[in-house]
Amino acid sequence: DAGVIQSPRHEVTEMGQEVTLRCKPISGHNSLFWYRQTMMRGLELLIYFNNNVPIDDSGMPEDRFSAKMPNASFSTLKIQPSEPRDSAVYFCASRRTGGGAYEQYFGPGTRLTVT
Amino acid sequence: AQSVTQLGSHVSVSEGALVLLRCNYSSSVPPYLFWYVQYPNQGLQLLLKYTSAATLVKGINGFEAEFKKSETSFHLTKPSAHMSDAAEYFCAVSETGANSKLTFGKGITLSVRP
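Chain order of the listed sequences is A and B. Note that the working numbering has the first sequence beginning at 1, numbered continuously upward. Note that the working numbering has the second sequence beginning at 1001, numbered continuously upward.
Among these hints, one or two may not hold up.
Stated by the list, open to error - In silico lysine to aspartate or glutamate, EDC-like type, Cα no more than 20 Å apart, as pairs:
| hint | chain 1 | residue 1 | chain 2 | residue 2 |
| --- | --- | --- | --- | --- |
| 1 | B | K1106 | A | D63 |
| 2 | B | K1101 | A | D57 |
| 3 | A | K24 | A | E14 |
| 4 | B | K1101 | A | E83 |
| 5 | B | K1058 | A | D63 |
| 6 | B | K1101 | A | E103 |
| 7 | B | K1101 | A | E14 |
| 8 | A | K78 | A | E103 |
| 9 | B | K1101 | A | E11 |
Said to hold, decoys possible - Listing some non-contacts, in silico: residues in chain A with all C-beta distances to chain B over 12 Å:
| hint | residue |
| --- | --- |
| 10 | R9 |
| 11 | E11 |
| 12 | V12 |
| 13 | E18 |
| 14 | E44 |
| 15 | E62 |
| 16 | N71 |
| 17 | A72 |
| 18 | T76 |
| 19 | K78 |
| 20 | P81 |
| 21 | T97 |
| 22 | E103 |
| 23 | Q104 |
| 24 | R111 |
Please keep in mind that the hints were generated in silico from the structure rather than gathered at the bench. All C-beta atoms, glycine included, are put in the ideal place defined by N, C-alpha and C.
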């Protein structure tokens, strides 16, 4: 089975540009999570969805960040406009909900560099 | 509210030595507990999980962890370190429920000396 798929794997952009990160969760998983990882702040949960509905977006840093999940197999995280402090590795994770121990499966991440 | 404490940020051991990575948690309800490993330039990978069955949990790559409720701990151990174990290790706690989320510790970097 394919794992969580993220694209692009690397993104370099200039300050002020719009950035869109993409995630395809594991088939059959109905929860999806977006994380950000930096040396300074570690691993931060930005937002998560259950059954395509946002449950908690309290980790989204500011209005420049938005996330959508239009269907069960696709989610986007958008930053507009981007700033150098947004440089980080962004991870998407998914899990099956409703029984079991709720472990999350992580994608390989998107390394974002904003210059 | 739940939280995880991983004391220290870096542990160094010799190849063949015991690995012990500490994790203490705080949770208002019986938790699920997890250890994840992150190799350089990769995503997090599940090592093992505690789900209120056996208190001693065995995971991949020879790792195991013991849930101790009285100590609110879930320390990760491996009897003999291998060079390939060098990575960052995260402990995480989750409450039960469909809308639960993982709360991660800050992570510990394990170095293995030849």
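Evaluated hints:
| no. | hint | in the structure |
| --- | --- | --- |
| 1 | K1106(B) / D63(A) | violated (26 Å) |
| 2 | K1101(B) / D57(A) | holds (12 Å) |
| 3 | K24(A) / E14(A) | violated (26 Å) |
| 4 | K1101(B) / E83(A) | violated (28 Å) |
| 5 | K1058(B) / D63(A) | violated (43 Å) |
| 6 | K1101(B) / E103(A) | holds (10 Å) |
| 7 | K1101(B) / E14(A) | violated (33 Å) |
| 8 | K78(A) / E103(A) | violated (26 Å) |
| 9 | K1101(B) / E11(A) | violated (28 Å) |
| 10 | R9 | violated (10 Å) |
| 11 | E11 | holds (15 Å) |
| 12 | V12 | holds (16 Å) |
| 13 | E18 | holds (24 Å) |
| 14 | E44 | violated (9 Å) |
| 15 | E62 | holds (20 Å) |
| 16 | N71 | holds (19 Å) |
| 17 | A72 | holds (15 Å) |
| 18 | T76 | holds (18 Å) |
| 19 | K78 | holds (21 Å) |
| 20 | P81 | holds (27 Å) |
| 21 | T97 | violated (5 Å) |
| 22 | E103 | violated (5 Å) |
| 23 | Q104 | violated (6 Å) |
| 24 | R111 | violated (8 Å) |
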